Structures are given as structure tokens and as C-alpha cells.
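Chemist: Following the hints, put chain B in place on chain A, whose structure we already have.
Protein chains: 2
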Amino acid sequence: MTTIRDVAKKAGVSVATVSRFLNSTGYVSQEAAEAVSAAVAELKYELNPVARSLNTKKSNLIGLILPDITNPFFPELARAVEDIALTYGYTVILCNSDEKPEKEKNYIETLKKKYIAGFIVTSNQSDAPHYANANLPIVALDRIINEKIPTISSNNKEGASLGTKALLDRGCKNILFLRGPEDLNPANDRYEGFMETIQQVDANYHVVSCPFHFADSQKIVEQMLRDHPEIDGIFASSDVSAAGALKAAALLGIAVPEKLQIVGFDGVALGEMLTPGLTTVAQDVYKMGAIATRVLIKRIENQEIDHQFYEVPVKLVLRGTTRSGIE
Amino acid sequence: MTTIRDVAKKAGVSVATVSRFLNSTGYVSQEAAEAVSAAVAELKYELNPVARSLNTKKSNLIGLILPDITNPFFPELARAVEDIALTYGYTVILCNSDEKPEKEKNYIETLKKKYIAGFIVTSNQSDAPHYANANLPIVALDRIINEKIPTISSNNKEGASLGTKALLDRGCKNILFLRGPEDLNPANDRYEGFMETIQQVDANYHVVSCPFHFADSQKIVEQMLRDHPEIDGIFASSDVSAAGALKAAALLGIAVPEKLQIVGFDGVALGEMLTPGLTTVAQDVYKMGAIATRVLIKRIENQEIDHQFYEVPVKLVLRGTTRSGIE
Numbered sequence: 354m355t356t357i358r359d360v361a362k363k364a365g366v367s368v369a370t371v372s373r374f375l376n377s378t379g380y381v382s383q384e385a386a387e388a389v390s391a392a393v394a395e396l397k398y399e400l401n402p403v404a405r406s407l408n409t410k411k412s413n414l415i416g417l418i419l420p421d422i423t424n425p426f427f428p429e430l431a432r433a434v435e436d437i438a439l440t441y442g443y444t445v446i447l448c449n450s451d452e453k454p455e456k457e458k459n460y461i462e463t464l465k466k467k468y469i470a471g472f473i474v475t476s477n478q479s480d481a482p483h484y485a486n487a488n489l490p491i492v493a494l495d496r497i498i499n500e501k502i503p504t505i506s507s508n509n510k511e512g513a514s515l516g517t518k519a520l521l522d523r524g525c526k527n528i529l530f531l532r533g534p535e536d537l538n539p540a541n542d543r544y545e546g547f548m549e550t551i552q553q554v555d556a557n558y559h560v561v562s563c564p565f566h567f568a569d570s571q572k573i574v575e576q577m578l579r580d581h582p583e584i585d586g587i588f589a590s591s592d593v594s595a596a597g598a599l600k601a602a603a604l605l606g607i608a609v610p611e612k613l614q615i616v617g618f619d620g621v622a623l624g625e626m627l628t629p630g631l632t633t634v635a636q637d638v639y640k641m642g643a644i645a646t647r648v649l650i651k652r653i654e655n656q657e658i659d660h661q662f663y664e665v666p667v668k669l670v671l672r673g674t675t676r677s678g679i680e
Numbered sequence: 354m355t356t357i358r359d360v361a362k363k364a365g366v367s368v369a370t371v372s373r374f375l376n377s378t379g380y381v382s383q384e385a386a387e388a389v390s391a392a393v394a395e396l397k398y399e400l401n402p403v404a405r406s407l408n409t410k411k412s413n414l415i416g417l418i419l420p421d422i423t424n425p426f427f428p429e430l431a432r433a434v435e436d437i438a439l440t441y442g443y444t445v446i447l448c449n450s451d452e453k454p455e456k457e458k459n460y461i462e463t464l465k466k467k468y469i470a471g472f473i474v475t476s477n478q479s480d481a482p483h484y485a486n487a488n489l490p491i492v493a494l495d496r497i498i499n500e501k502i503p504t505i506s507s508n509n510k511e512g513a514s515l516g517t518k519a520l521l522d523r524g525c526k527n528i529l530f531l532r533g534p535e536d537l538n539p540a541n542d543r544y545e546g547f548m549e550t551i552q553q554v555d556a557n558y559h560v561v562s563c564p565f566h567f568a569d570s571q572k573i574v575e576q577m578l579r580d581h582p583e584i585d586g587i588f589a590s591s592d593v594s595a596a597g598a599l600k601a602a603a604l605l606g607i608a609v610p611e612k613l614q615i616v617g618f619d620g621v622a623l624g625e626m627l628t629p630g631l632t633t634v635a636q637d638v639y640k641m642g643a644i645a646t647r648v649l650i651k652r653i654e655n656q657e658i659d660h661q662f663y664e665v666p667v668k669l670v671l672r673g674t675t676r677s678g679i680e
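Listed in order, the protein sequences are those of chains A and B.
For what it's worth, the working numbering labels the leading residue of the first sequence as 354, then goes sequentially.
For what it's worth, the working numbering labels the leading residue of the second sequence as 354, then goes sequentially.
These are calculated hints, taken from the structure and not from any lab test.
Watch out, some of these pointers could steer you wrong.
Copies of the same chain look alike in the list, so a pair counts if it fits in one copy or across any two.
[Unchecked claim] List time: in silico DSSO-like cross-link candidates among lysine-lysine, alpha-carbon distance up to 27 Å:
1) Lys668 to Lys612
2) Lys456 to Lys362
3) Lys572 to Lys466
4) Lys518 to Lys465
5) Lys612 to Lys501
6) Lys501 to Lys572
7) Lys518 to Lys363
8) Lys397 to Lys363
9) Lys456 to Lys466
10) Lys668 to Lys640
11) Lys466 to Lys651
12) Lys640 to Lys526
13) Lys640 to Lys362
14) Lys526 to Lys363
Owing to the predicted nature of the structure, the values given are computational and were not obtained by experimental measurement.
Same shape as in the complex, but just chain A:
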């Protein structure tokens, strides 16, 4: 039988690290988490077999409800959830809700009848009755649903503060903040972080609401840059919106980062593909997905969970849309 020692050896980490990872009892680096996941999968290591046999595992299917799979943040989050779920012997199926409550409801009802052990949900339907009354384990990812459902999200406010400071430190005096949809709590936390930071300094700013979509963001930014040519920094609440801002600048012939600096939020692969590469506040997608999955499985297996709210740190990734020197 495969032991935890075999997993540690295969993964090239200590037994303590494997244990921390598998039991969610402490910090594990992303590299280590990935190595342990791979080793567990390869060796088909079964976790806590005794504890497991005490629970009646009705199903090994987890549903992951995502609001928009064409926004690259969500496929990357889905990959993380899948990787971890697989190490626990669960299969993840993806449901794309298009932000439509009736589609979410349909997935919950269709899958709940007999198929699914629980759901991880990213929804803007706060307090929707189809979640409150779902009567099966649910974990909220990225966006709060209600206070009874455990939530895993990034430290969005702190992240927005980091992003705002990145622009201020590099000399921006007229900052445009692309606020996300006003019904989304992560977007509102980012807005708060921006406002608190900008109001502490002597800088002008504009705030416009902007959906997390490329073409809409491009149009909004193009108009703002025409109306306010003094804008010298843009902080977008998502990478897709930042990509729209960068495109708008290119169309207007505004040099980035010389005349205009841009910072995004998310840290998706798209940011590297752009030219110049996008400076962004990167969410730790792997960690978010890992915690959400582990919390859900604890709920499915009737184990205690440590917290109702898990906040995952973010970090600033500097690339070419901001100037290298700090002024």
C-alpha cells in the first residue's frame, strides 16, 4: 500500500509538507502543492482510508459553477479545482452559468437529484434561494453568496491598494479606475481598496463602472482618454478590462508605459501575451481552488471546517505596462 512517505519521496518534499497539504493545516508553496498533487495522483494514494470508510460517500462528483468560461480567469481557477479534487478521488464537472440565475438554478436542480456530492459556486446571485435551499454542501469561490456558505476569495482590497500604489509610486497623477460590476463583491472590495489609497495622496482620479469584457472596456477607455487626455495611469479591476485599456491606448497612439501606465487585476496568462506585457495584481488561483476544494470535501464528508471565510493573499506582478523605476 502506498504510504505518505512514498508520496513525499515522489514529490521531493517532506512528510510534514504532504501532511500540511493534505490536511489543510498550514502553508504549502504552490510548487510543493503541485508536486504533491501529482505524486498523489500518480501513486493513487488514498487519503485517510479509515476516516473515509466511516463516511458513506454517496457520489464522487463535484459541480463547479462558473459565471463565464470565456473570461480566462475562470478556466484557470477550474484547472486548480480539478487538480486538487482528483487527488481526493473526486471528479469535477463544469457548469457555465453565463451569470444567468435560471441557468444556475437549472444546474443545481438537474445535478442535485442523484448525481452530485456538492458544488463550488462562483455566482453574483447573493442570497439566491436556489443556494440557500439547495440542501447539499456548497462552497462559494471568489464571490460571497450568503453568510452560511463558506467563502474563499482573494484579498481584493489589499490587492487594489497594491495596484494603486504601483501607479502612484511610478509618478501617475491622474488615474482612471475601471471599477467592475457594482453587484459583485470582489469588484466592490477592489473599489474600496482603490478609494482608500488614492484619497490619502494628492492625485486626481476618475472612477467608471466597466464590465469584465474586453470590447466594452476598450470603448469606455477610448472615450475617457479622449475626454481626459491628462490621464496618465489606468487601474483595471480585471485583466480582460486592462487588455481593453491597452488596446484603446494603442488605437489612440498613446505610448505605454511612457505616457500612460496600466495595471490589471487577476494574473491570467493573457497578461503575458499582450505587448507590452501587463503589470497586474495576481490572484493565487491555485491556492483559491485548492482551499475551496478541500473545504467542500470536508463538508461532504461531514468534517468540521476551520473558518467560514478564507482570504488568499495576492501579489503584484510587474511587467511592461508600468515603468521600471519607482519615482
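Modeler: The following block gives chain B in isolation, referenced to the frame of chain A:
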């Protein structure tokens, strides 16, 4: 009760168009297909209630197995499948296989037991026994599985010819072709289309194999451009690879499209986000998804299907990575 006339009125199209769309008996524009889908969903129109009641509909769940949801082509394809399936009262769940046969097999086995009416599959596992022996309706999308499973794919060879000619017509004399993975039939059809076209003219060319991944493509192209500074055109077998090529050019300070022209293949939203915008051979993702879904549902409901192989036309979309004038 909602009638077909109500749907036509709501969608702003003729009854004949609605009928053609719902029964797959002729051409319907993408705009019309989307309007009809939306109207059917909104009015909760039920198709052929008599024909339906004759069939025992065991489940209304369709599984869509995708090879890599972080490649933006596949989420766009998934959206199309979902839109159409919903108009027929089917719910789509997504399965991300990471190109791993054991994950595909796990999805098929887990979902088949009691949950799923059929699968739409994009796989590079030609002739894998888990499909041949699946014993439930399967349709192959984008990539052939075996000759018994109906396949819907783009006219990849014709598309590659279009893309190659776009470069030749704009003066390219030294073309680099980024061939996709050699085990993928769409990639091989694109390779054939390139070879047939390039060999008819007096032009130099290089062919390198290149995965459909941004970072790998960037590295490969950077090396090729260093070794062969005479390259003046790149035709990539996917948009993600084309994005890598564009980034490599930017890093080497090679002006696009003045010194180097680039054409991609796919037509995903990423192409518009890049600067300059990517010229590409666009697949008709909506039509591919629509046909695949309708063929699968016919198989689920034991209806005859017209063909074993459906080839969907592609078109060239010109943007900023190619020069505007034809020489």
C-alpha cells in the same frame, strides 16, 4: 401553448427559418440561429412534443469533453454547444481532459453509469477503446475519433490554403509554418493545406512542430527568427501560437506587419486583444457547436443522421498583423 409562430415573431425571423434551424434541414445565419435560440429559451418552446413523447428520454444531460479549457478556442466552442443544447431542453456539463486519456476515461465511466444521454468529444485519442466501447451516443467535434463516430470539423485544409495565400499575396517570400502537434488530425490537415499551396509557388519555407501553447510557441519562434532573419511571414496553426509568434517578434524588435507578417488559425477573441490585431483563419465555432449538438440529439433520440462527416467552412479575418495592400 407556445407555437413555432410565437418563436418566429419573437426572434424576428420567418417560421421557415425557425423550422430549418430546429430541424437542421438547411442553412440558417449565425444571427438568426442566436435569435431563435434566445426566443426558444425565453418562451420555453418545446420542440416536436409528439415526436419527443415517443422516445423515452432517459436524461437531459450532455457531457462535453474538452482537451484544454485554458485554450480560448474551447470555451468559445462550449458556449455554442450550450446555447443550442438549451433550446432542445438539454443541459451541458463540461469535462476538461487535459489531453489525458485516463481523465477522459474517468469522465466517460463516471458519468455514463446513470447520468448522461450522450457525449460530444474533442479528443486526440483516436480509436481509444473507451469511446469505441462506450455504448452510448457520441459525436466527435474538431477531431476525428473513429469512422463510426460522426465528426464535425472545420475545413482545415482549405483554411490553411487561405492563410498561406494571405501571406503570399502580401509579398512574403520566406514563410515559417508553425505546425501543430503531429498526432492531431486538424493540425495535419492544416499542414497539408499549407504544403500544397506553398509548393505551387516560388517561395522559401520552414516547418516546425509547435504545441498549441503560448510560451512554447514564443520560444520556438524566437529561436527561428534568430537563426533565419530572412523570415518575413509566419503562419501559425492556432491563435495561441500566433500570439507567441507576435510576442517573439516584439521582443526581438521586429516590426509587424512591416518586416514580418503573421496569420493565426481559430478566430478566438484573443486575436482582437493583441496589438496589432491578429489576422487569422476563423473557424465558425457557433456553427460547429450547433451541428455537433443537433447531430448528438438526433442520435440520442434514435433519429437518422444525414452524414457521418460535416465540414464547416472557415473564413479569413484580416487585421493588423498583415499589410493591407495585396501585392
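Chemist: Each hint should be assessed against the structure and marked as holding or not.
Modeler: Quick rundown of the hints versus the structure:
{"no.": "1", "hint": "Lys668 to Lys612", "result": "within (25 Å within a copy, 37 Å between copies)"}
{"no.": "2", "hint": "Lys456 to Lys362", "result": "between (45 Å within a copy, 24 Å between copies)"}
{"no.": "3", "hint": "Lys572 to Lys466", "result": "neither (44 Å within a copy, 49 Å between copies)"}
{"no.": "4", "hint": "Lys518 to Lys465", "result": "neither (45 Å within a copy, 52 Å between copies)"}
{"no.": "5", "hint": "Lys612 to Lys501", "result": "neither (47 Å within a copy, 59 Å between copies)"}
{"no.": "6", "hint": "Lys501 to Lys572", "result": "neither (39 Å within a copy, 48 Å between copies)"}
{"no.": "7", "hint": "Lys518 to Lys363", "result": "neither (42 Å within a copy, 50 Å between copies)"}
{"no.": "8", "hint": "Lys397 to Lys363", "result": "within (12 Å within a copy, 54 Å between copies)"}
{"no.": "9", "hint": "Lys456 to Lys466", "result": "both (16 Å within a copy, 24 Å between copies)"}
{"no.": "10", "hint": "Lys668 to Lys640", "result": "within (13 Å within a copy, 41 Å between copies)"}
{"no.": "11", "hint": "Lys466 to Lys651", "result": "both (21 Å within a copy, 25 Å between copies)"}
{"no.": "12", "hint": "Lys640 to Lys526", "result": "neither (35 Å within a copy, 48 Å between copies)"}
{"no.": "13", "hint": "Lys640 to Lys362", "result": "within (22 Å within a copy, 49 Å between copies)"}
{"no.": "14", "hint": "Lys526 to Lys363", "result": "neither (52 Å within a copy, 50 Å between copies)"}
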